[in-house]
Amino acid sequence: MEANLKRAKSGDLKVSVHRMEIERIRYVLSSYLRCRLVKIEKFFPHVLEKEKSRAEGEPSILSPEEFAFAKEYMANTETYLKNVALKHMPPNLQKVSLLKSVPKPNLDSFVFLRVLERQENILVEPETDEQREYTIDLEQGSQHLIRYRTIAPLVASGAVQLI
Amino acid sequence: MEVWMNDEVPERSLLRYSRFQLILQGDLGPFNPGLPVEVPVWLAINLKQRQKCRLIPPEWMDVAKLEEIREQERKEDTFTPMPSPYYMELTKLLLNYASDNIPKADEIRTLVKDTWDTRVAKLRLSADSFVQQQEAHAKLDNLTLMEINTTGTFLTQALDRMYKLRTNLQPGESSHSQDF
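Chains A and B, in that order, give the protein sequences. When we follow this note's numbering, the leftmost residue of the first sequence carries the number 1, and every step to the right adds one. When we follow this note's numbering, the leftmost residue of the second sequence carries the number 1, and every step to the right adds one.
These aren't lab readings, by the way, just hints derived from the structure by calculation. Bear in mind that the values here come from a model prediction, so they are computed numbers and not experimental data. Honestly, I wouldn't trust all of these hints.
[To be verified] Think about it this way: if two alpha-carbon atoms lie no more than 20 Å apart in a straight line, the pair counts; the simulated SDA-like pairs of lysine to any residue are:
# : chain 1 : residue 1 : chain 2 : residue 2
1 : A       : 14        : B       : 73
2 : B       : 139       : A       : 108
3 : B       : 122       : B       : 73
4 : B       : 139       : A       : 116
5 : A       : 39        : A       : 100
6 : B       : 113       : B       : 81
7 : A       : 42        : B       : 160
8 : B       : 48        : A       : 24
9 : A       : 82        : A       : 70
Let the hints inform the model, and build the full structure from the sequences given.
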């Protein structure tokens, strides 16, 4: 795109429209990247743990740069904690397990979703003891509010979309 | 929130080029002076600000239609389908930048605001009953993204907290105390 811009010696309007579009695309891409980086920073030990434990054939959930970022972030946090606090502690307390101390992502939180492919018989678990569990059908194009855990596999397969 | 929307725009004589090609949306044009052409909203607003065009409002943005929509919204208890999933954003943008191209702009503003208020009030009521009866699931068809986002974050956080309080009622469970 940017090469095209340089080639177009013609006047202002076409160039500025292309430039606007480039800016828009850049904004969307960078906000996507920002979102992923925030997630990495928030849950870094769990992300790295998942990456380590995935099977050989499965695609990675992080790009190579993101993986390097996560590893560096972990190393930096460990060094920081060590230098600021841990090395002044008595010797048997000098380890901290980041995996246990950093909060895990909450898979039970409620999310809004839109259905892309019709699904049948999704089990809705009861919230209180008096309620029974029941099943619902998800019509295509409808929107719902439900706990993430019940629909997690559908998000992964692309049948529903979080909004 | 980034949205992709389409609108209608006729071009005036200042344009010399007949076609555009956008990366994500394909071809635009041809742009001939005086003839209407459909472009994405961001481009339409930009061209309007540079005084190169006039904007034509979408066909639902007219007093009679909006009155009908408002009446129907007030009658029903559930949410009625809206003419466009982005009606609020479109109204705001068009009325801010192109109110001279829209007949009876002030009335339209009031009508859309009334409809919005009714819908948001319904949303508040239903969120309240959802929380009180501790439902596990809600169907929210016909709600636009803008409305969902007004209460969305607060509602999901409140529901998460409540769920946490409920599931931690049994003491001595092996749940991690640090689950966030």
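Would you mind confirming whether the straight-line C-alpha gap from residue 39(A) to residue 100(A) stays at or under 20 Å?
Holds, at about 17 Å.
Within 20 Å, alpha carbon to alpha carbon, are residue 139(B) and residue 108(A)?
Answer holds: residue 139(B) to residue 108(A) is near 18 Å, not above 20 Å.
Between the alpha carbons of residue 113(B) and residue 81(B), is the straight-line distance 20 Å or under?
With Cα atoms ~16 Å apart, residue 113(B) and residue 81(B) stay inside 20 Å; holds.
Mind checking the alpha carbons of residue 42(A) and residue 160(B) for me, to see if they're no more than 20 Å apart?
Status holds; Cα separation ~18 Å.
Residue 122(B) and residue 73(B) were given as a pair; does the straight-line alpha-carbon distance stay at or below 20 Å?
Given that 20 Å is the threshold and the Cα spacing comes to 10 Å, the pair holds.
Compare the distance between the alpha carbons of residue 82(A) and residue 70(A) with 20 Å, and conclude whether the hinted pair is satisfied.
holds (18 Å)
Given hint residue 73(B) paired with residue 14(A) - CA-CA distance at most 20 Å
violated (43 Å)
Do the alpha carbons of residue 139(B) and residue 116(A) lie within 20 Å of each other, as the hint requires?
holds (15 Å)
Residue 48(B) and residue 24(A) were given as a pair; does the straight-line alpha-carbon distance stay at or below 20 Å?
holds (18 Å)
In summary, the structure is inconsistent with hint 1 from the numbered list given earlier, while agreeing with all the others.
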